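Student: Chain residues, written in single-letter form:
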Amino acid sequence: MAAQYKGTQVRAPDEGAAEPGPLRPAGGKPPAGARTARTAGTAALSRATPYLLILPALVATALLLGYPLIQNVIISFQTLDAFQLIQHTTQWTGFGNYKAQLTSAEFWHTTERSVFFTLANVALIMVSGALVGLLLYRLGKRMRLLLSIGLVLAWAMPTVAGTTVYQWLFDTRYGVVNWFLDKLGWHSMAGYNWFGGQFSTFAVITLMIVWQSIPFVALNLYAALTTISGEIFEAARMDGAGAWRTFSSVLFPMLRPFFLSTAFLEVIWVFKAFTQVYALNAGGPEGLTETLPVYAFVEGVGNQHYGTGAAISVLTILILLALMSYYFRIILKQEDDL
Amino acid sequence: MRRSLFGRLWPNLVAGILFVFFVFPVYWMLTTAFKPDLDIISTTPVFVPFHGTTSHFDKAVHAAGFWTLVRNSLTVTIGAVLLSLLLATAAAFAVARMRFRGRKAFVLIVMVAQMAPWEVMTISVYMIVRDQDMLNKLLPLTLFYMMMVMPFTIWTLRGFIAAVPKELEESALMDGCTRFQAFMRVVLPLLAPGLMSTSLFGFITAWNEFPLVLILNKESGQTLPLWLTQFQTNFGDDWGATMAASSLFTLPVVVVFLVLQRRAVAGLTAGAVKG
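In the order they appear, the protein sequences are chains A and B. For the first sequence, UniProt numbering assigns the number 1 to the initial residue and increments by one for each residue that follows. For the second sequence, UniProt numbering assigns the number 1 to the initial residue and increments by one for each residue that follows.
Be aware that one or more of the hints could be misleading.
[To be verified] Simulated crosslink set (SDA-like; lysine to any residue; CA at most 25 Å straight-line):
(1) B:218 / A:282
(2) A:183 / B:218
(3) A:333 / B:218
(4) B:218 / A:285
(5) B:59 / B:48
These are calculated hints, taken from the structure and not from any lab test. On a predicted model such as this, the values are computed, not experimentally measured, just so you know.
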């Protein structure tokens, strides 16, 4: 798109100062004598136009995003508990909150858990999403439509509603999952409490997140596949390439940018997933399924150590940035295409 | 090359199983909502609700403050989407159509803002809103939701605007339109799919938002997601009413999806950003 723009740039009305007359007949046809003065005015105005257009968005971003981010850092250097909150006092503690976190085993456990949870989820999402996308491409018209409807339904399901439904599916006594596993012959699963253990709670959360995320990857991959000419697959087959070889040597290199950017979007999305983890079991049992965002919330708001919570959230953002740094490098390299 | 019977069969078989996997939670939510209590807590699950009842919906709709919650959710969501469309269209037009110093910097800000970790910023947002004495009100929610969806809206609309042939706009200018008129009469109508898909995304994001309302509006000005996650306090272990409430909450999203479906999904995939 940028290339297209550059191609027509010569005729851009903003820069047509050399011959502005026919391009800028603002408000009818000005008399010939008034033209020069008017042109100077409109030229200044049109130089200001882009800034006027982005100004509201810029101000909103500064006030509603930039300011909270800065405030987050400021709070993280304070002791801000219930007392200071009610008294409206500011009590600085320097790096106290950070020191406390970086030397606490709980923080490192949560970090480890978060990173592992993110990587496991993203791997599952990418692999199964890619397989479903390839399947969509291979299916006939009718089955493809059917599967797409299923994918879109799962995609459209609001996160919070999805969470309540998964709680119901995995309910201990009347949940259909336990009944099904019992019927399959796994009788110890009758009456199993999924939300009583760390691993089983994570299993439900992961299943839900993967269920919600596959549609995005699969439908996008399918859309990308349809833009590839069928001749390429034909050629690969002529050369005697099997399905795996076609994927690894032809498709994957072609769709590398797609896989890369999707995987990184999923990393961001899973790493900061709060609703799913918190609404499903509030980080329980006993905080064993707390990921970093939930940990920050529980420490900050739940236990009313707002300064501590802010420090955790700053550290969370830093970890996220580290995870993302590779992606940012790629974006910055492509800066010319923006 | 003809494929064997098995080769033709297995993709369809797998697709069928996957269809069930993706649809079943939605199906189970809806059918539970319509099932009488006895069917819900039977030891053998009732897969097809022959004895449908709407009593759970009655209970959900008549729950204390339900309509206030609906009104709050709608106000906040629609307000956020409209505000963000307004701001984003202006910015996207500048980015897509004009060359100016700082353009690249602005685009980078938008890209970074799109990845803002709102889930871990709730504490500082809480402090700011509290200091303005605006807790438990709808205005801060509307503004922050607008900020959550605006970067994506700018990013996607920028693509849509760049795709409108520049010549169309220029010929309108030739015909004596001002730049603004040309935009309103020529570019805007062509932007309809873009505006639709971005508002769909914005609607879903704002309608779903949970962490911020959880911390900001504890006493009043609550929205449906907050209510839904507290269903155990609201309905006890009444799964019928809970699933009815979930269905009602899902309904607007599905309606929006169906209305805008084709263009919207195409638009979202063009933007290639998480929905």
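Student: Are the hints correct? Go through all of them and say.
Tutor: The hints, checked one at a time:
1. B:218 / A:282: holds (17 Å)
2. A:183 / B:218: violated (43 Å)
3. A:333 / B:218: violated (45 Å)
4. B:218 / A:285: holds (24 Å)
5. B:59 / B:48: holds (22 Å)
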